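**Student:** Top line first, the protein sequences correspond to chains V and S.
First residue of the first sequence? That's 0 in numbering that gives the first Met the number 0, and the numbers climb one at a time after it.
First residue of the second sequence? That's 0 in numbering that gives the first Met the number 0, and the numbers climb one at a time after it.
No lab work stands behind these hints, which were simulated from the structure alone.
There could be a bad hint or two in this list.
Stated by the list, open to error - Result set (DMTMM-like, lysine to aspartate or glutamate): computed pairs, CA atoms no more than 25 angstroms apart in a straight line:
| # | chain 1 | residue 1 | chain 2 | residue 2 |
| --- | --- | --- | --- | --- |
| 1 | V | Lys5 | S | Glu87 |
| 2 | S | Lys88 | V | Glu13 |
| 3 | V | Lys5 | S | Glu147 |
| 4 | S | Lys88 | S | Asp59 |
| 5 | S | Lys4 | V | Glu77 |
| 6 | S | Lys63 | S | Glu109 |
| 7 | S | Lys63 | S | Glu32 |
| 8 | S | Lys88 | V | Glu20 |
| 9 | S | Lys144 | V | Asp10 |
| 10 | S | Lys51 | S | Glu152 |
| 11 | V | Lys159 | V | Glu77 |
| 12 | S | Lys50 | V | Glu77 |
| 13 | V | Lys27 | S | Glu22 |
| 14 | S | Lys51 | V | Glu77 |
| 15 | V | Lys15 | S | Glu117 |
| 16 | V | Lys5 | S | Glu32 |
| 17 | V | Lys1 | S | Glu152 |
| 18 | S | Lys63 | V | Glu164 |
| 19 | S | Lys45 | S | Glu97 |
| 20 | V | Lys15 | S | Glu41 |
| 21 | S | Lys36 | V | Asp24 |
| 22 | S | Lys50 | S | Glu147 |
| 23 | S | Lys36 | V | Glu20 |
To be verified - Away from chain V, derived, C-beta distances all over 12 angstroms, residues of chain S:
| # | residue |
| --- | --- |
| 24 | Ser23 |
| 25 | Lys51 |
| 26 | Ile89 |
| 27 | Val116 |
| 28 | Glu126 |
| 29 | His140 |
Because the structure is a prediction, the values reported are computed rather than measured.
Virtual Cβ for every residue (Gly too), placed ideally from N, Cα, C.
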Amino acid sequence: MKQELKNTVKDYVESKQLSSEQLQDLTKMLNTKHENKQRESLFNMRAIAAVLVLSLALGIFWGVSTINHADVSQLIAEEVSSNHLKMKPMEVSSTSLNEVRAYFGKLDFSLSSSQFVANNNLQLIGGRYCSIQGETAAQLRMQDEVTGNIHVVYQAPYNKDLFRELPNLQQGQKPVRHFVNGIGVDVWVEKGILFAHSFDQ
Amino acid sequence: MFDEKQLNSLYRYCFSLTGEEHESYDLLQSSIEKFLKANSSEVDNKIAYIKKIIRNHYIDECRKHSKTDEEQFDETVTYVDMNTNSLEKIVASQYQVEAVWQQLTVLEREIMYFWAVEGYTTDELAEFLGMPRGTLLSKIHRLRKRLEAQFDESSRELAS
């Protein structure tokens with residue numbers, strides 16, 4: 000039966016269709032590839048997440064490492080200046096180093112006199128227990144013989160793993176000085192002891 | 000990604016290119032593989048995109064196997080009454096269409112497919128085929144002449 004060419008062509012072409020088997024194969028292929036792509040995408044996302052976590056971990060490690068190396072004296076200065084401003088009551092009052100040393104019997108080290116402190120004309124007046132960066136320390140109160148200002152000198156065992164490299168007076172180095180909240184803080188190592196000296200400016 | 004209706008539609012497009020059913024399935028299958036390998040997840044019109052893949056893939060295959068059946072473009076022909084409307088004046092039986100289908104060139108079958116099945120206008124068809132409108136009109140003109148001649152002949156054969 001003759002009809003318009005357009006309809007005839009349409010009918011003819013549309014009579015062609017995939018067999019159910021062909022359709023099944025193509026659908027399977029599409030689904031498999033799609034799943035693979037999703038899996039690949041998931042894998043990529045996991046890889047990106049892993050890289051991010053690793054980067055973060057490295058960043059934290061680097062940050063902590065940097066803090067340990069470069070800013071440990073700054074951390075000490077911040078802690079010490081805070082103690083200086085609170086100026087808690089002394090637990091022992093004496094101008095004798097031996098008497099004060101006797102009070103600090105629980106320390107793992109022996110209190111020592113410092114050349115740097117001696118050069119500043121400071122007179123010992125007492126002390127109390129405290130800590131620096133978690134290490135038990137002695138907090139010695141001193142008074143400037145000229146101005147009457149109170150200075151605080153801290154002594155703690157020098158733990159190199161904790162405090163890293165700090166200026167060592169016996170190696171001819173000078174204390175590192177920080178200023179925190181209006182308080183001056185010198186930090187150094189002498190005779191195997193960590194010293195910190197805080198003072199009002 | 001593609002439902003049954005879309006897959007059948009793509010298969011018919013392949014059929015318009017190859018003129019043969021088995022080859023159409025092979026063409027569709029390999030084109031889908033290409034589509035999946037390509038980063039096609041962000042493509043807006045997946046059907047149009049895969050049709051392009053199908054066409055380019057088929058052209059590549061034809062070139063590989065030297066199955067080129069391009070007609071020479073007749074520059075002397077005048078473009079009077081040469082849009083797809085001119086084809087609508089022709090009447091034919093399914094038997095006649097089936098008989099002539101494989102004798103047509105790839106481009107002629109494509110023109111027939113997009114005109115009759117997809118309902119493309121001449122401009123849409125020229126754009127899809129990447130062909131100047133004038134060239135396409137000339138092809139349509141030649142196709143009409145050819146179909147009229149073929150159908151007259153087959154009508155005479157049937158009558159005798």
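**Student:** Each hint should be assessed against the structure and marked as holding or not.
**Tutor:** Structure-based check of each hint:
no.: 1; hint: Lys5(V) - Glu87(S); in the structure: holds (6 angstroms)
no.: 2; hint: Lys88(S) - Glu13(V); in the structure: holds (21 angstroms)
no.: 3; hint: Lys5(V) - Glu147(S); in the structure: holds (14 angstroms)
no.: 4; hint: Lys88(S) - Asp59(S); in the structure: violated (35 angstroms)
no.: 5; hint: Lys4(S) - Glu77(V); in the structure: violated (74 angstroms)
no.: 6; hint: Lys63(S) - Glu109(S); in the structure: holds (20 angstroms)
no.: 7; hint: Lys63(S) - Glu32(S); in the structure: holds (19 angstroms)
no.: 8; hint: Lys88(S) - Glu20(V); in the structure: violated (39 angstroms)
no.: 9; hint: Lys144(S) - Asp10(V); in the structure: holds (22 angstroms)
no.: 10; hint: Lys51(S) - Glu152(S); in the structure: violated (35 angstroms)
no.: 11; hint: Lys159(V) - Glu77(V); in the structure: holds (19 angstroms)
no.: 12; hint: Lys50(S) - Glu77(V); in the structure: violated (70 angstroms)
no.: 13; hint: Lys27(V) - Glu22(S); in the structure: holds (20 angstroms)
no.: 14; hint: Lys51(S) - Glu77(V); in the structure: violated (69 angstroms)
no.: 15; hint: Lys15(V) - Glu117(S); in the structure: holds (15 angstroms)
no.: 16; hint: Lys5(V) - Glu32(S); in the structure: violated (32 angstroms)
no.: 17; hint: Lys1(V) - Glu152(S); in the structure: holds (15 angstroms)
no.: 18; hint: Lys63(S) - Glu164(V); in the structure: violated (73 angstroms)
no.: 19; hint: Lys45(S) - Glu97(S); in the structure: violated (30 angstroms)
no.: 20; hint: Lys15(V) - Glu41(S); in the structure: violated (31 angstroms)
no.: 21; hint: Lys36(S) - Asp24(V); in the structure: holds (17 angstroms)
no.: 22; hint: Lys50(S) - Glu147(S); in the structure: violated (29 angstroms)
no.: 23; hint: Lys36(S) - Glu20(V); in the structure: holds (23 angstroms)
no.: 24; hint: Ser23; in the structure: violated (8 angstroms)
no.: 25; hint: Lys51; in the structure: holds (18 angstroms)
no.: 26; hint: Ile89; in the structure: violated (4 angstroms)
no.: 27; hint: Val116; in the structure: violated (5 angstroms)
no.: 28; hint: Glu126; in the structure: holds (20 angstroms)
no.: 29; hint: His140; in the structure: holds (15 angstroms)
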